[in-house]
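Please build the complete structure, drawing on both the sequences and the hints.
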Amino acid sequence: MAKQARKTNTQYRLPTQFKPDRPISEGPWKAYIDSSIARHPTLTMDDLEPTPADLELISKLAFSRDELADNLATLIFEDRCVAQQLEKGLAEGIASLDNPPKALVDFLDYYENMPDWTYMPELKKRMATKTGQKFLHAKRRTKVKHPFVQAAEDGGRLTAGFFVGAYYPAVGQSIVITGSVAKGSNRVIQTFKFFDDTSDVRDFMPHGLAVQAGAKVRLGHAFARKQIEKSGKWDKDYYGEIISNFDNMIFASGIVLGVDAIQSPAFKKYGVDPGKAMVYFLGAPKELIQLDHADIYRFFLMCVSHLDGSPDTASQVYQSFRNNEHYRAEETIEDKFYKELTYFFANLMTRIVWGNEIASQITMEKTSFGIPMAPLATYLSKQVNKKPSEGTKIIIQYTRKLLPTVKKVSSNKLVKRVSKIRLVKRKYAKPADPYSGSFGMFSTSEKNK
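Mapping of the sequence shown onto the numbering used here: residues 7 to 455, in sequence order.
Treat the hints as calculated values from the structure; they're not laboratory data. Where a beta carbon is used, it is the ideal one built from N, C-alpha and C, also for glycine. Incorrect hints may appear among the rest.
Cβ pair distances, simulated, as ranges [stated by the list, open to error]:
(1) A97 - T57: 49 to 57 Å
(2) S102 - K199: 22 to 30 Å
(3) R147 - D243: 25 to 33 Å
(4) K131 - E73: 26 to 34 Å
(5) T137 - S237: 32 to 40 Å
(6) Q296 - N119: 25 to 33 Å
(7) I402 - C87: 41 to 49 Å
(8) T338 - E93: 32 to 40 Å
Below are the BS3-like pairs computed for lysine-lysine, each with C-alpha atoms no more than 30 Å apart in a straight line [said to hold, decoys possible]:
(9) K274 - K199
(10) K66 - K342
(11) K232 - K94
(12) K232 - K242
(13) K399 - K388
(14) K66 - K275
(15) K36 - K25
(16) K108 - K151
(17) K239 - K131
(18) K274 - K25
(19) K399 - K199
(20) K94 - K36
(21) K292 - K130
(22) K292 - K66
(23) K239 - K274
Structure representation (C-alpha cells):
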C-alpha cells in the first residue's frame, strides 16, 4: 500500500495541477505508478515523496518559459522571411546567412555551438576517426518495416505522444486550445517525422536532420504559446506558464526513458544518448540532461505520481483521431485494416502501461476486432512485466495469434468487415481553431498568417 503523502508546507509556488500532499494511492496515475514500482529493483513509494530540492526545481521550471524560442517566434510573426533564413541557417549554419537578426543568431547558436556537457564534442571526436568517417559516408539503408510492426510502433507513438500525453493537464489543454490535432494530419505527421529524423546517429551531427527537426518542433511550441496566450483560456495558477519548462521536463523525461529502452548499438558506439540529445534539441533544461537515467526515472515518476489527470482533454484528442482523417490514407481494405490495427495497439498499450481505468477515461473502445481489451491487457501486462525490455515483442507475438494473419488480410472476412466501419462523429469532433504548429509555421502562404 502506498504511504500517505506527508504535508509539505512548501514555501515554493507550485502549479496546482501538481499536488504533493495527495496520497499517491488516491491519484489518477496510481495503476501506472504501482506497476512501475513493482518492476523496479530498488525504487520505493517513499522515493516518490518530493524533496525540498524537487519542489524548488518544479517551482523554477513551472513558471519559466523558453525565451530563445519565444523571441524567435515573435520575430517570425513580424517577418515571415526570417523563417526562410532559419531553414537555411539550420541546414548550412549561421555563416551562410546575410545579416541575420539577433534572435535568429541566438537560436541557431544553441545548436551550432553546443556546450561541452552535451554529446556533441564526443560525437565529433569519434566521427573524425577512420571508423567514424567510414560510417559517416556509408550508404544508408532504408529498411521497410512490416506493416504489422509499423502498426505496433505507430500505436505506441500515438499512445505516448497524444492519447496519454493529453492526459497530462497542461499538455492536454495546450493541444485542445490550439486545435492542432482536430485540424487534421499535420501535427501527427510532424511528430512521427521528428522520431524518424532522429533514428540515425549521423543525423545528430551539426546541421543534421535530427538537429533541424528538434529545433523546428521546439519553435512550434513557441508558436503554440502565443496562440494559447491570445485565447485567454489558460489558468496560470493551475498549469504554470504556458508549455512551461516543467511540462517540457516531464514530457522530455518520458522521451529520454523511452528512447533509452530501444537505444541502438550505433548510438552507444559513437557516444550519443539519443534521448538526452533529442530533449536538448527541444530546449530541455540543463538540470534534466545532466541527471543520470536512474535519477531521471525517479524524478519522472515522482512528478507523475502527484500530478492531476485530464480525462476531458484526453478524450477529446482520442475522439478527434477516431472521427477525423489522420496521417494515413484508407484507399484499400488493407489500409483500413492497418489503420484500425494501429488504434488496436494504441488501446492495448495504454491499458498495459497506464491501466484500464485511464483507457476508459480516455474513452477507448472496450472491444477491438471483437476482442475484449481489458482482460487481454491484464494478461499481457503480467507477461510484459516479467520482461519489460521485450514488451513490444511480447505484445506483437500474442496479438498475431489473435488477429488475422497478414498473408490472408485481403480475403479475411473480419478485415472486410473492418473496412466497412463508419465512425459516428461525436460531440468531441469540433471544428479546430486555425493552427499550423511545428513545421507548419515555416510556410509563407497567406493561410498561415
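To see whether the hints hold, each was checked on the structure:
1. Between A97 and T57 the CB atoms are about 43 Å apart, so this pair departs from the stated range of 49 to 57 Å.
2. S102 and K199 have their C-beta atoms about 23 Å apart, which keeps the hinted 22 to 30 Å range intact.
3. Range check, R147 to D243: about 52 Å between beta-carbon atoms, so the 25 to 33 Å window is missed.
4. Checked against the given bound of 26 to 34 Å, the beta carbons of K131 and E73, roughly 31 Å apart, stay inside it.
5. At roughly 52 Å, the beta-carbon separation of T137 and S237 lies outside the given 32 to 40 Å, and the hint is violated.
6. The beta-carbon spacing between Q296 and N119, approximately 18 Å, falls outside the hinted interval of 25 to 33 Å.
7. Range check, I402 to C87: Cβ separation about 48 Å, and the 41 to 49 Å hint holds.
8. For T338 and E93, the hinted distance range of 32 to 40 Å is satisfied, since their beta carbons lie about 35 Å from each other.
9. Of the supplied pair hints, the one linking K274 and K199 holds, its CA atoms being roughly 22 Å apart against a limit of 30 Å.
10. Using a Cα cut-off of 30 Å, the hinted pair K66 and K342 is violated, with the two alpha carbons roughly 46 Å apart.
11. Of the pairs offered as hints, the one joining K232 and K94 holds, with about 24 Å between alpha carbons and a cut-off of 30 Å not exceeded.
12. Restraint check for K232 and K242: the C-alpha separation of about 14 Å stays at or below 30 Å, so the hint holds.
13. Straight-line distance between C-alpha atoms of K399 and K388 comes to about 14 Å, which keeps the hinted pair within the 30 Å bound.
14. Distance restraint check for K66 and K275: the Cα-Cα separation of roughly 35 Å exceeds the 30 Å cut-off, and the hinted pair is therefore not satisfied.
15. A hinted pair counts as satisfied when its Cα atoms are at most 30 Å apart, and K36 with K25 qualifies at roughly 14 Å.
16. The straight-line distance between the Cα atoms of K108 and K151 is roughly 43 Å, outside the 30 Å bound, and the hint therefore fails.
17. The straight-line distance between the Cα atoms of K239 and K131 is roughly 48 Å, outside the 30 Å bound, and the hint therefore fails.
18. Straight-line distance between C-alpha atoms of K274 and K25 comes to about 37 Å, which puts the hinted pair past the 30 Å bound.
19. At most 30 Å may separate the alpha-carbon atoms for a hinted pair to count; K399 and K199 meet this at roughly 23 Å.
20. At most 30 Å may separate the alpha-carbon atoms for a hinted pair to count; K94 and K36 exceed this at roughly 47 Å.
21. Between K292 and K130 the CA atoms are separated by roughly 21 Å; this keeps the pair inside 30 Å, and the hint holds.
22. For the proposed pair K292 and K66, the alpha carbon gap of about 13 Å is at most 30 Å, so the pair holds.
23. Of the pairs offered as hints, the one joining K239 and K274 is violated, with about 44 Å between alpha carbons and a cut-off of 30 Å exceeded.
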